[in-house]
Every structure is written in C-alpha cells, then in structure tokens.
Amino acid sequence: MPAPGAQPETAAPRTVLACGEVRTCLLPAGQALDSRAAARLLRLRADERVLVSERPNLYGRSPDTLTGVDCPLPSANGARVRAVGTVAARAALTEGRVLQTSAYFTLPASGPDHRRPWGDYLVRPGLVEPLGKLPCDAVAAGLLDGGRHGDLDVGLIAGGLLTRLLRHPLLDQRPPLRSRPTRLRWVALTSPPGEAPALERFTLAEDELRTVRLRVPEDIPAADLAGLCDDLALHDWLLTTLVRVLDGIRLGPAAPGSWPRSAPDGGLPPLVRALRPAVDHLLHLWMPRARVSGELAPLWEALEERPGFSRQWLALVQRVRDQLTLHAIPPVHREVEPAP
Amino acid sequence: MLVFAASDKGGTGRSVTSANLAYQRALTGDHVAYVDFDFGSPTAAAVFDVPSALRGTEERGLHSYLEGDVTEPASIDIWRHTEHPVLRARQNQSGRLVLYPGDAGGGEFATGEETLERCIDLLLRLNSEFDLVMVDLSAGRSYAVDLVLAATAHPQMRHVAYRWLVFHRWTRQHVIAAAGLVHKENGILRSGVDRGHDEETLQGNIRFVRAAVPDPESAMWAQGSPAQAAWMQSCNRALRRLASDQRIGDSVVLGTVPLEPILQWREQLITEEDVLATQIANKETLEALEEISRRLTDDAYWGLP
Amino acid sequence: MTEAVFRETTAEPRTQAVPLSHLSLELGHLYMEDFEAGPEHLRRHFARVRPWAEAARAFAADRAGRRRARVSTCFLIDDYFTRFASPAEVVPMLLAEAERAGLTVDYLARESACAVSGKVPVAEAVAGRIVEEPPPGSYGHRPPAAQTGWLANGVRSPTARAPQAMRKAAVWEPPRETAARRHSVFLDVELWNETPDGERLWSCPFLAAVWQLARLGLLRHQGEPVLDPQPHTGAFPDEWDDLPPLVRLDPRADPFAAYRTCSVLPSRFLPVEHAVRVVLDRTDVDREALRQIAERSAGEGVPVPGPVADRVSYVFCEET
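Residue numbers (this note's numbering), protein chains in the order written: chain A, 1 to 340; chain B, 1001 to 1305; chain C, 2001 to 2320.
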C-alpha cells in the first residue's frame, strides 16, 4: 500500500460538490491601477508570481491563499455534518478598476470519522472533508441559502480578503463613484458522465446577493468553476452598478440656477456629473467570457438568451451616451428638456 | 462624506436630530448610512421604527463587529423594514437609507488597536458605498468619540472627507458643556491633535447645531405675559453672548432646530405628512431640518471658498 | 481539446524543478559557543554523530532498494545571531574535525541565508505561507486575534479583555492543543520579534523550519529555486558575506535537496525542533514543487509522506 498522500492527485478523494463565493466591488482609487500597480496590490505572497494578462483586457490575479476551517456545513434538512479542511481564496483585478475576491472549496462524498492531523489537510488545498458521509443535495441547497451562525461561511473568507486588500496603501480611497459591492454564491454539483456542463439557475436574491447553481462533469477543476463565477459576478456587478447610476439621475427640468452651475468640479451639470464616472470607468469593462475556460464558456449562452445580459448592457450604454449627447447641446438650443 | 454627531450631554436631541438629517438627505436622492455608535444606549432603531427588523441582530451589531465577534455588522434597510407608514412608501428618486445598529443590550467598551482597525475598515467601506455616512456618537468624552478621532487621523483616511456636528440645547449649562466638549481639556480638539489631526483643519470641520430652541416669537408662547416675553428675549441675548464668549457663536452654527413638541414626547422622524396632513409637527421644524441637511455639504457653511 | 494559439508568459506561472537525493543528512549546527569551545569540542561532537549518521545512511539505502541511495550531508553555521571569527578560520577546522571522525560534509550553509538569500527574502516568504490550524468552530470568520509574530499549535488562553460596561469579565481558561489526545502539549512559537530600529529578527526555530524546507527542495521564489548550491573554489574568505549562502564542498556530492531529511543533533535542540514541526505542519508550501516531488519519489518507488513534517526525522544524541 502506498504511503498516504504519495500521489496527491490520484489519492485525493472524488469530489462531488464545489462551492464558492465572489465579492465584487469598485476599486476605491481615483485612478485605475496599471499592470505594475495591480501586481503589487495582488502580491498576497512574497514568493509567488501574480498572474498578469493583457489580452483581451488588463487582468491580474493573485496566488491562492488558504484558510483553515472546522465547523458544521450548512444543510437544507438540518443535518449537522462537521467538515475540516482548507478553503482557497484569491483576488483579481480587471482593468485596474474592478476588484474581486473569490473563495472556493470542493467536497468529497465522504471522509474519515475523525479529524486528521493538520498537515494532511494542508497538502490538499481547497478541499474540505466531511467527517463521515456527505448528504450532497441537502448541503448544496444549504450552501446556497446560507447556513446558521457558526456553519461554514465561505463568503466571510472572501470578505476578509477583500477587507484586507481595501486597506492597501496603493489605494487613495477616492472612488470615482459610489457603488455597492455584490456577492455571488455558487455551488456546482457533478453531472452524470457524458453530459455537458450546465448553468441550472442564476438568482438575484436580496439586494446584493446572487446565487448560481451549476452542474458540471467531475473532472473540471474547481479553480475553473471559480473563474466562470468570477466572470458572471463581474458582469452582473457591472449591470447592477450601471443601472443604479442611471437610477440616480434626475431627468427633466433642473432646479433653478442649476445651469450653468458654478461648482468646484468645473461647473458640470448634475446629470453629466453623475454619468461621467460611468463613461470614464465602467463602459469599457464589458467582456463576457474573457477568461472562462473553453468547456465552461458555453454556459454564458443561457444568460444571453434570457434575460440577455449583453442586450441589457448595450441598452444601458446607449442610454448613457444619448443622455450625454443631449446635454452637450446648450439649453438655449434645446426645445425641450431631455426626458427618459 | 462622514458626519459625526456628538454632544456633551444626553438629552440634546442628538440622535433624533441626526436621524432626521439622514432621512432628509436620503429624500434628496443621496445614499445614506446611519451608524449607531451610541454604544452605551443603542436605540437608533426606535427612531426609524424598525423594532422587528432588529430581531436577530442582537449579537451581530456594531458592538460585536468592533469587538471582533462578527466579521460584518448587521444592517437594516429602513425603507424596506420600517413600520412607519409614510416611510414605507419610499419616495420616488430617494436614495438608500441604511441603519447599522448596535447590539441590543450592548454597553460602552474600551477600545484598542484592533477595534480601531475594524472601525477604519468599516468607515472606508461605507464611504465608498454611501454619499453620506452619519455616525451618532455616545455623549460626552466617550470611547466612541475617541475611536473616530483616531480613525479619521489614520493615514489611509486622509482623503475621506468628514465633518462634525456638536448638538446642544439652548441653555447656559448646555452651551458651556458643548464648548467644553470641543475646546477644553480632553476635548475633541486636544484629543484630535494628540491622535495626529491638524488643529486648524479639525476645528474648521466642526459646527454646532442648537436643538430644542424655544423661539420667543413663536405662537407657542403667545399666551404668556409681556413680562415673560421680555424675560425670554433677554435670556436669549445673554445666551448668544455666552455662546460667542465660549467660541461657539453664530459663525460656527450650522443651524437651529426649534423646540418641537412632538419630539418632546417621542423620538421620531418628522415627515411632510406630519406637517401637512396630520399637522402634528411644526412647519418650522421640518424646514430647519431640511436646511441643516442641505448645509451639511454646502461648503459655504464650512468656511470653504 | 486543441492547444491555444495565443500565449502570454506572465499569465502562466511556472515552477522549476530541483535535483533531489533520497536523504539529506545534517551533521550539526555550529554556534559561537561551539567554536569558542575549541577543536576538541567539535571532535567530540562528530565522534558522537558518526554512528547515527551511519545508521541513517543504512536506513536510506534499505529504503532505496536495489537503486543506489543518494545521500548528501550538510552542516549549518550560525552567522545570523552572532558573527564570530571568519570562514577562513572556522571552515577548515570544521572540515578537518569531521574528516578525522570519518565524516564528509558535502554542503555548508550559512544560517543568515535562511533569512535572506541574496536578494530573496526567504523567511518572510515562508511566514506568508503559514496557514493556522483551525480549532473546531472555525467557520470562516476572522481568526481570533493572530498574535503577531507567534504561532501556536492550539488555542491560547483568552486574554482578559476589558468587558463592556456592566458586563462580567470572562473567567480564566487553559490553552488547548488542537490535535490534543485527551491532554494538551500546548506550544506557542515566537517566529520573530522586532529590533528597536523596527527590523524583523527571525527566531532560531523559524529559521530552522526554513532550513528544513530548503533541504526538502520545497522553497521557490516566483518559481525559481532558492538556495542554489555554489561550487567551492580556492580558499575560504575572511568575511561571512563573501561566502555563498550554500556551498558545495564536494563536486561529486549527491544533490543537496532530498525527499526526506534526517538531522543528528544534541538533545538540547529538542524544543527548537518541536517548534520546527509546529511551523512545518502549518506551512502551505509551493504546490507545484510539492507535486513534482510527490511524482518523482513515487516514480522511484520511494513515495514521500503527504504532510511535509512527516518527511523530517531526527536523532537526538548526547551533549558533548
């Protein structure tokens, strides 16, 4: 019998469930970071390279870091299954502007009855082992719904990494627009052999929470799934944020004296002031599937079909441009005020 | 922008007035966070009428967050959870109004290095999410005041705009106490300088709000005798002299909230409905709140060009 | 799947492999006190080490089966905590005494190289890879205040935090080893402290853990091997800084790094090495390096244990 851990890949138990959470927010800095600054921000480990890519857009990703966990898994039927292991977490920066942290792990169908020595878990990064058998469906549902206090909360790990990065001295804490971070929580169940990966459900839950349920073949690495979900989260955040920017503008006749307005910011009318940051910082970021692995890229099609992510984005972008065009015309030449 | 609401004494109407200012700003379309740093008596939920939404947040409020027991403090969307009928019909085009409550039953606590770091994390996060972050601080020379002074002096907060509102009532004792809170030993200015603030800048960011001020001209006193009226006028003059001597005179006052009977009975938000439909609140009160909320970000009132 | 047409090198991290022996055998550490005690002291040390060293070799040969066991020996000199004498003075004497005992030293390392090797901040990088062992109840929240510069094998006794006003302070609780079997052997290791001018001074146990990782071939800096052995040429220099961090004394020696390590040390090193295990058991080493070694050792029929700490063994011998 080979010694335990002799071949970590083959000796690792079959995983039946992968799960993660992505936090997405605007980088709180006046200017977008260039690739060198991005690499500095994402250097979570002194000795490991930051992945930096410039095609098809500027993108940086940190090495994975690990967080140890030992706690019950959330489950829909109230079963209390204790699990021990490590959750992987990493950060990514797109076009020096949108910061994401992503935490994820995989679960095997069963594990030992007792907790192993810690060194055993550490050599299988990103694997959380149940003690005993895993009630797979109940835990998958529980993970998406969020558990009770004290159950494994992978979002806290993503959130902790985000908090740490937001304190980086590179950031001047002058975001060009106010925006809300979003959370996207995902689970991936394994599909029967031979079936294509599928995006079963994408839900807009509360204000900031989105949930995604995937069904994928067992051999797709969890890091690739996390990559797909990062991409979904990024584009969902872009939509959410641009919708809110447009929500916040007031159309129609401006308050008396608001045109021309002598303000410290160069006398821009309020509408232009509200839309300008979106043009400067958001509109060029839309690029679905830029870094999704080949097998998973087709999953985007479901969202393009309904509700039509790119369709909505294009409509919003068009609206921003139309508004700015209208406002480029001085009021004396306008017969009517621009309306929605 | 961060706005810190402080007062030397309890009973100045600090919490209820700052909550009303937050509400007014949200009505104008700003996204507003109301952060309850009144650690000794966390009661902001009552003002916003969200008692039931508080259930389940007892152990996840700001006390637990700052002491490191939870990673993210609980928050309550006021428009969605309030039981106040007018507030629930959120006005079109209004911004978000979110309450960050303290732990129910939480008390004052000593702050340390880690509390400070968590406080900075929180303020930075709220600053990037909200247009206005109203932080209601425990009365007097409190840990809360100390904590936010240290936080705003931190190098990573240097670009985060902040302003202070010091609330006081219009009596001799309150005027002297409010001036002391800012200018005297262990006051906001001295402590702020000790924590790394520039005195002039900090002082330039402090304004006073006179709350529950009886207006001698008001109809409320119309039944009084001429002698009473004369006495009130002379008191008012004396108080203005005193305030000016104490360096909290008219030039550093952001606004005055008139004495409002309904606030004497119940801490609540004053809505247009209260003034127009049910007429239980005075029009002057609402106007004063609207005006102060507007002045919060009007640089002309903050000594800026 | 077809190979991608477009590639970006910065987007594809790569980890270089290092040559590997079966066993890295450490013959001792040299501190200033040892040097000051004179050549006789070293002579006695090597005489005590020799039988154990031979036993370790025999064990490695046995495990290697029909293949030749590749075994390299090494020796560590402290030039980090105290600087004494010079390489020109120390090294020839050291080698002579080893030879007299019938031992050869293949590789000589300076302890300061475990802190910073050339321009690579080795110790800092390893410190950044520590993953604390989660006590039961760790669900992903921020771990209880990491005691900066310390690493424990369990949960510390809670410090008396001033309670909220009008609340009770918590009563004392004992610390607890997370992997305890019934009773705890709690250990809290100081990894570093700060000198008055704000510089980080790494602790002896922490540098010893870095030393073990180096010998196990698990250190990389951005994919490149750290502590690459340099050949020895000419006389030994007069300054420690002029001596390469890791010197190969015998050009025909087996590779420095190995699947497993064995250290023969005087028993007073026991607490230090306990601390080393605590560190190794909580260090998330370069995964690609880990994979390469697992594959190659399995290919040679001598698979390494998964946990890194289990690849390390000791002989604690009598004090000299």
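Keep in mind that a hint or two might mislead.
[To be verified] Simulated crosslink set (SDA-like; lysine to any residue; CA at most 20 Å straight-line):
no., chain 1, residue 1, chain 2, residue 2
1, C, K2119, A, R40
2, B, K1009, C, A2165
3, B, K1184, B, R1266
4, B, K1283, B, V1213
5, C, K2119, A, R43
6, A, K133, A, A46
7, C, K2119, A, A46
8, B, K1184, B, H1197
9, B, K1009, B, E1185
10, C, K2119, A, R80
11, C, K2119, C, V2185
FYI, nobody ran anything at the bench for these hints, they're computed from the structure.
Only a predicted model underlies this, so the values are computations on that prediction, with no experimental measurement involved.
- Query: Which of the listed hints are broken here?
  - Reply: Hints 3, 6, 10, 11 not satisfied by this model.
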